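Enquirer: Sequence:
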Amino acid sequence: MASLSTLIADNTAMKSIPSSIFRLKNLNYLSPYGLKWPLSTNPLPRSISGLNTLRVVSLAGCNLTDDAIPMELVSLNFLEHLDVQRNSFCPTESQWYFKA
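Throughout, our numbering is defined as the position within the sequence shown, counted from one, plus 2.
Since the hints were derived computationally from the structure, they do not count as laboratory data.
Remember, it's a predicted structure, so these values are computed and weren't measured experimentally.
Certain hints may be false.
Unchecked claim - Calculated pairs, BS3-like style, for lysine-lysine (alpha carbon to alpha carbon, straight line, at most 27 Å):
(1) Lys17 <-> Lys27
(2) Lys38 <-> Lys17
(3) Lys38 <-> Lys27
All chains, please: the whole structure from these sequences, using the hints.
Expert: In structure tokens form, the structure reads like this:
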């Protein structure tokens, strides 16, 4: 399991992403598409910053709110695609600062 590079958990009954996923150091694609986490729950723990190999994160349709996306995503140097469509939030420009 340590060499797992793609995790697609679309439309499952998970309420959050298990912390054990953040020990998968070869993970480069994470998609929990369509999960309906409670509004009070942050679906991505701050430990996501340890997944330096992530290239694609799809959080589409996950019931996200304005403060649900941790700013630790900016430390993911290889992140190429962040999908947050079909969510009800409106981040301000100051919330989204990524290195070019």
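Enquirer: Each of the hints needs a verdict: does it hold here or not?
Expert: Comparing the hints with the structure gives:
1. Proximity of lysine 17 to lysine 27 is assessed by CA-CA distance (about 22 Å); at most 27 Å being required, the pair is judged to hold.
2. For a cut-off of 27 Å, the pair hint linking lysine 38 to lysine 17 stands: about 7 Å separates their Cα positions.
3. A C-alpha spacing of about 26 Å is found between lysine 38 and lysine 27, which places the hinted pair at or below 27 Å, so the restraint holds.
Hint violations for this structure: none, all hints satisfied.
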